[in-house]
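Could you build all of it, start to finish, from the sequences and the hints given here?
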Amino acid sequence: MNKQMTATEVVAQLENGMTIGIGGWGPRRKPMALVREILRSDVRDLTIVSYGGADVGMLCAAGKVKKVVFAFVSLDFIPLEPYFRQARQSGSIEVMEIDEGMMLLGLRAASWGIPFIPTEVGLGTDVITQNPDIKVIDSPYDEKEWVAMPALKLDASLIHADKADMRGVCQIAGPDHYMDDWFARAAAKTFVSCDELVESEYFHDPAQARMVHWERSMTTGVVPIAGGAHPTSCSPLYGFDVPHFKAYAASAKAEGGFKDYAQKYLGATEQEYQKNVGGLDAIRAIELATY
Amino acid sequence: MTAAAEYTLAELCIVAASKSFADEGEVLGTGIGVVPRLAASLAMKTTNPDLMMTDSEAWMLSEPNPIGSRAADFVPSTESWMGFSRIFDNVWSRKRHAMLGPTQIDKFGQSNTSALGGSYDKPKTMMLGARGFPGNSISHPNSFFVPAHNTRVFKEGECDFVSSIGYNPARLPKGHSLDDIDIRLVITNLCVMDFGGPDHQIRLVSLHPGVTVEEVQKNTGYTLHIPADVPTTEAPTQEQLDIIIALDPHNQRAHQILDNPPGNRS
Chain A
1 MNKQMTATEV
11 VAQLENGMTI
21 GIGGWGPRRK
31 PMALVREILR
41 SDVRDLTIVS
51 YGGADVGMLC
61 AAGKVKKVVF
71 AFVSLDFIPL
81 EPYFRQARQS
91 GSIEVMEIDE
101 GMMLLGLRAA
111 SWGIPFIPTE
121 VGLGTDVITQ
131 NPDIKVIDSP
141 YDEKEWVAMP
151 ALKLDASLIH
161 ADKADMRGVC
171 QIAGPDHYMD
181 DWFARAAAKT
191 FVSCDELVES
201 EYFHDPAQAR
211 MVHWERSMTT
221 GVVPIAGGAH
231 PTSCSPLYGF
241 DVPHFKAYAA
251 SAKAEGGFKD
261 YAQKYLGATE
271 QEYQKNVGGL
281 DAIRAIELAT
291 Y
Chain B
1 MTAAAEYTLA
11 ELCIVAASKS
21 FADEGEVLGT
31 GIGVVPRLAA
41 SLAMKTTNPD
51 LMMTDSEAWM
61 LSEPNPIGSR
71 AADFVPSTES
81 WMGFSRIFDN
91 VWSRKRHAML
101 GPTQIDKFGQ
111 SNTSALGGSY
121 DKPKTMMLGA
131 RGFPGNSISH
141 PNSFFVPAHN
151 TRVFKEGECD
161 FVSSIGYNPA
171 RLPKGHSLDD
181 IDIRLVITNL
191 CVMDFGGPDH
201 QIRLVSLHPG
211 VTVEEVQKNT
221 GYTLHIPADV
231 PTTEAPTQEQ
241 LDIIIALDPH
251 NQRAHQILDN
261 PPGNRS
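Going line by line, the protein sequences match chains A and B.
Number 89 in our numbering belongs to position 89 of the first sequence; there are no gaps in the numbering.
Number 130 in our numbering belongs to position 130 of the second sequence; there are no gaps in the numbering.
It should be emphasised that the hints constitute simulated quantities derived from the structure, not laboratory data.
Keep in mind that a hint or two might mislead.
In silico DSBU-like pairs for lysine-lysine, Cα to Cα no more than 30 Å straight-line [to be verified]:
(1) B:Lys-174 to A:Lys-144
(2) A:Lys-64 to B:Lys-122
(3) B:Lys-122 to A:Lys-259
(4) A:Lys-246 to B:Lys-124
(5) B:Lys-155 to A:Lys-153
(6) A:Lys-144 to B:Lys-124
(7) B:Lys-218 to A:Lys-135
(8) A:Lys-67 to B:Lys-124
(9) A:Lys-66 to B:Lys-218
(10) B:Lys-122 to A:Lys-246
(11) B:Lys-218 to B:Lys-155
(12) B:Lys-174 to A:Lys-153
(13) A:Lys-253 to B:Lys-174
If you want the ones that stay clear, here's a sample from chain B, every Cβ over 12 Å from chain A, calculated [what the hints assert, rightly or not]:
(14) Ala-5
(15) Glu-6
(16) Glu-26
(17) Thr-46
(18) Arg-86
(19) Asp-121
(20) Gly-166
(21) Asp-194
(22) Gly-196
(23) Val-205
(24) Asp-242
Think of the CB as a built atom: it goes at the ideal place given N, C-alpha and C, for glycine as much as any other residue.
Shown next as C-alpha cells:
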C-alpha cells in the first residue's frame with residue numbers, strides 16, 4: 001500500500017473541532033512542516049494534545065486552538081513559550097493541564113481501547129481540582145482513592161520521523177522517540193512527515209528495524225519533507241535553531257506579533273518557508289544541543 | 001576534611017544539596033538546573049557511588065557528564081537507554097529522588113510551577129505548567145532548590161496552583177497518610193530547611209555563613225520552626241570544590257545565584 005501524500009492532503013483530512021495529537025517534546029522533533037500547513041489552512045477550533053513547544057505556541061497565536069491538553073509548553077532554553085503564555089494570560093484558550101505521566105497514561109488508555117487507567121498521579125494537586133472531567137474513584141481492591149485518567153482519544157496525530165518507507169514503516173534514529181509510539185496508537189489517523197523517504201529494503205538490516213517504534217498499520221500517511229522539523233531538532237540529522245527561536249520569541253514582544261513572524265517566514269509553501277530561513281543545507285548544518 | 005578557604009554561595013549550596021542524595025542508595029538522582037544537577041553529580045562522585053543518573057536526554061550514565069560543551073573526543077559512560085517514557089516507569093517504581101526549583105513553595109511544602117496570580121482561566125503570569133510535579137511528589141522523595149529566598153517564593157497561604165502534593169491535611173487523598181509524602185531538603189541562598197518540625201512544619205536545618213535566623217524568617221511568608229541550636233551550613237572541602245570544578249568546567253554555577261556572592265557572608 002502506498003501511503004505517500006502531501007502536507008496539503010494531510011491538512012485536507014483535518015476538520016474544524018478535531019482533537020489533534022502532536023509528537024516530539026518541547027523544541028525536539030516536532031512535525032513543524034505539518035503544523036505550518038495547518039497555519040496556512042482555514043482549519044480551526046482544534047484541541048491540541050502535546051508535550052508542547054512552538055507547535056502549540058504557533059497554533060495558539062494563529063487562532064487555531066480551542067483547547068490545549070498539556071503538562072508543559074516550553075522551548076527548553078527559552079523556558080516559557082511566548083505565544084502559549086499570551087494565550088493563557090489573555091484567557092483565550094481552554095486548557096486541560098495534567099502531569100506528563102498522566103498524558104502518557106491517557107494516550108495508552110486510548111491506544112488500548114479502555115476508558116481510563118487508574119493512577120495515584122495527580123492526587124492532592126490542582127490538576128484534579130481544575131479538571132472536573134478527571135474523576136477520582138474508589139478501588140475494588142483497596143481502601144484508597146485513585147485518579148481515573150481518561151483515555152485521550154485523538155482524531156489525528158502528527159509526527160516527524162527521520163526515515164520512512166511509502167508503506168508507513170517509520171524510523172526514529174535519534175536517542176528518544178518520546179511518546180510518539182503512543183501518539184500513533186491513540187489516533188484514528190496518524191500522519192508522519194519524514195526527513196527521508198527510503199526503500200523498504202533499508203529496514204532489512206535489523207539494526208535499522210530496531211529503531212521502528214510502531215507497526216505500519218498505525219501509519220495513515222507518509223509525507224517526505226526534508227528539514228520538516230525545523231526550527232525544532234531532528235537528532236541525529238540537525239539540532240534546534242537557536243537564533244530562529246530567539247527571533248520567534250522576540251516577535252511575541254514586538255507590536256506586529258505573530259502576524260509579522262508569519263509574514264516574514266511562513267510563506268505559501270514549505271519551499272518558500274525553507275528559502276526564508278536560509279535553505280535546507282542551513283537547516284541540516286544546525287548543531288545538536290549538548291545537555 | 002578541612003574547609004576550603006574560599007568558595008562561592010553556589011558551591012556551598014551544591015555541597016549542601018548533595019546531602020539529599022547521600023543516603024539514597026541505588027535510585028535515579030535527577031537534578032533539574034545547574035545547582036541540583038551538580039549536587040546529584042557530586043553525591044555520585046563522593047557519598048553515593050550507587051546513585052543512578054541520566055545525561056538529561058535519553059541515556060543512563062555510569063559517571064556524570066560535565067555540564068556544557070565537551071571535547072569532541074569525549075565519550076560519555078553510557079550504561080543503558082533511558083528515554084522519557086521509561087523515566088515514568090522509574091518514577092512509578094519509586095526508585096528516584098528529584099531536586100527541582102519551583103516558582104512557589106507554601107507552608108505545606110506544596111509547590112507551583114504553573115499559573116501565577118489572576119484567575120486560573122486567565123492567570124497574570126503563565127509559567128511552565130504542572131510538568132511531572134504531581135507524579136514526582138506522590139511517587140518518590142523530592143528536594144527543592146531556591147536561588148532567591150523571598151516571600152514571593154515562600155508565600156503566605158496556599159500556592160496559586162498546586163503542582164505537587166505536600167503536607168496539607170485538607171488535600172490528603174483517601175487512604176493516604178501525610179507520612180506517605182516525602183519532601184526532603186529545601187536548599188536556598190540563605191539556608192537549608194526541611195519539613196521535620198511539629199506536624200511537618202517547615203524547619204530551619206542550617207544557616208549559611210553570615211545569615212541570621214531573623215533574615216530567613218523575614219523572607220519567608222509563614223512561620224518557621226527554629227530548633228534551639230541551628231548549625232552553620234558546612235563549608236565545602238577543597239576535594240569537593242575540585243570535583244565541582246571538573247563537573248562544571250565552564251563555570252555555569254557562577255550564573256545561578258544573583259551576583260554570584262561568596263559562600264561566607266559574615
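**Request:** Provide an ascending list of the numbers of those earlier hints which the structure does not satisfy.
**Result:** 5, 6, 7, 9, 13, 18, 19, 20
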